[in-house]
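Engineer: Turn these sequences into a full structure, and let the hints steer you where they fit.
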Amino acid sequence: MSQLSTSNNHLASYLKEIRDRVGEIVVGQDVVVERTLISLLTSGHLLLEGMPGLAKTLLVNTISKAIHLDFSRVQFTIDLLPSDIIGSEILDEKSGSFRTHHGPIFTNLLLADEINRAAPKVQGALLEAMQERKVTLGNQTMPLPTPFLVIATQNPIEQSGTFELPEAQLDRFMLCHRLSYPEPQDEEEILRRNLKLGVQKKDGGAVARTEFDLVSDDAVGTPEDLVAAMEATHDIHVSEVFLKHVVDIVERTRKHPDLELGCSPRAGISLLKASRARALIHGRDYAVSEDLFALAEDVILHRIRLSYEALADGKTPRQILQQILEESIS
Amino acid sequence: MIVVFQFVRRFSLLLCAMGILGLQVSAEVDQPELESSLGLPIVLNDFYIAGSKAEPIPRIDSESSLVIRVLEVKPAADGFRYDLEIYGLDPGSYRLSDYFRYVGSNESLPQLSQQITIVTEHDLEGIPKPKELANVPPENVGGYRVLLTVCLVIWGVVFLLILFWRKKKVQSEEFLQPPPTLHEKLGNLVRAAAHGDLSDSDRSQLERLILGHWKQKLPEIENLPASEALVTLRSHPEASPLLLKLEYWLHAPNPSIDQQSINNLLDSFRDV
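Top line first, the protein sequences correspond to chains A and B.
In terms of my numbering, the first sequence is residues 1 to 330.
In terms of my numbering, the second sequence is residues 1001 to 1272.
Keep in mind that the hints are not guaranteed to be accurate.
What the hints assert, rightly or not - From chain B, some residues computed to sit far from chain A (all C-beta separations above 10 Å):
(1) Val-1043
(2) Ile-1060
(3) Ala-1077
(4) Thr-1120
(5) Tyr-1144
(6) Val-1150
(7) Leu-1182
(8) Ala-1192
(9) Ser-1201
(10) Leu-1209
(11) Pro-1237
(12) His-1251
Said to hold, decoys possible - Below are the DSSO-like pairs computed for lysine-lysine, each with C-alpha atoms no more than 30 Å apart in a straight line:
(13) A:Lys-244 to A:Lys-315
(14) A:Lys-121 to A:Lys-134
(15) B:Lys-1185 to A:Lys-244
(16) A:Lys-65 to A:Lys-134
(17) A:Lys-255 to B:Lys-1217
(18) B:Lys-1217 to A:Lys-315
Keep in mind that the hints were calculated from the coordinates and are not lab data.
These figures come from a predicted structure and were not determined experimentally.
Don't be surprised by glycine CBs; every beta carbon is placed ideally from N, CA and C.
Structural biologist: Structure follows, in structure tokens:
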């Protein structure tokens, strides 16, 4: 029924190859890889919530190398300054003029580790750059490289000394995926692979190898393939029926009595764009309701806020969203 | 004649001298006894004491029964006149001579005959009297437990009203107009689809209701979240062919499917 065009068939293979390449290094995180690709194809940004040690950095590093993209990582701390991320103008003593020093934001894939540990002004500077895709240093406004994707992480349990991202800033992230611990069989596989890592000899000494040493520098496909995949994402057909589905779910979040804050129009747009990318990744020419339901949690959950009464009743945003989805099919 | 004149003159001088002396003696001896109540002041104006300047003997302990304050000292012939204010601290009769001395001397003045009598009674006129305490029972005392009980009952009634009134109202409305069931809604939409008059909203609802139908029908996915249930349905041997056709009809660009095929597709939902 879902016959792909030849070009889209090639792109689906390309995207599958990327997933397989990442799967060789990172075990049991297929969904995260899929969400990262969705963010990349739609130029959205991704927020990952999960415990430390779930291979977030390794995952992003592997994807960036598989697609042949620049990768930077910034560990957010309380004393970080906006200039530490976006860069600054430095006085060159030899020439007597100011020289622009580009910050780590000038990259394709930026991993903002523990974004909620930085002060709000730093978060604001990053989120502004994410939105506008350009940075102003002194009198110069410089565009960020393309593609540009921010993958931010935050730890959901260790909240002391953190600055929680407000709803308006959370809304800038197209997807917020909650990482879970791997299944027992995946956990076993992780341990087995770790046992085989061995030792790397270098300069007369030796050091234990890590998973990062296994990441291949050979890219899958070419940058043109990625551009073609992004173009193909925009060509994925979205039916009127699918639009009605999106509007129906967004409307339900706004009218639900347990929700103080429902979805913004940006949430509907994100749902649409992400569904298109997922359709391409799954080898379809059109988005179907499965895409919608699969992505609803990652698109909607961080954009809704429970009412005081619902919180007092011990309800969670996830429960409310499941209730909304159940009601929509009953 | 001259002798008589001299006699009269001497006699008159003698009478004058005796008169003056008599007045002076009466001023020192025949002074009236003064009486006052305990703690209330006696004021003596122009009290004459002959001789050099006198002063009250300092009151150095609590044994002394009079407190004397000199208000003013005025010089007079062969002595001084004093304005005094005297307070009695113990009841009894006291000679003022025991409480005065000449300045620079420790001797008292025995020639002062003024008596001061301090009594415990006092004239009630002009002194504010304490109010008579009437034995009137206080008003509005008590009833606290009753008030507390009444407040508790009112609070309980309001609380129960808040809990149940709105729910009962909602329940009664629901009872009057029960919402259509999934299969009723699905049947209506399938019949409308057979006539080819489904709007986009209707087709959207039709798809969601069919998903809901399968979710209710298959026990293995009944309790799964909607997203996971859909993934299972797409690979389910019974549901999958139908759902994929439905997806193709509803979502594919320019689906090549005729009305008869749609009717056949939805036929199984006509009488659910």
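Engineer: Identify every previously stated hint that the structure contradicts and give their numbers, smallest first.
Structural biologist: The structure conflicts with hints 7, 9, 10, 12, although it agrees with all the remaining ones.
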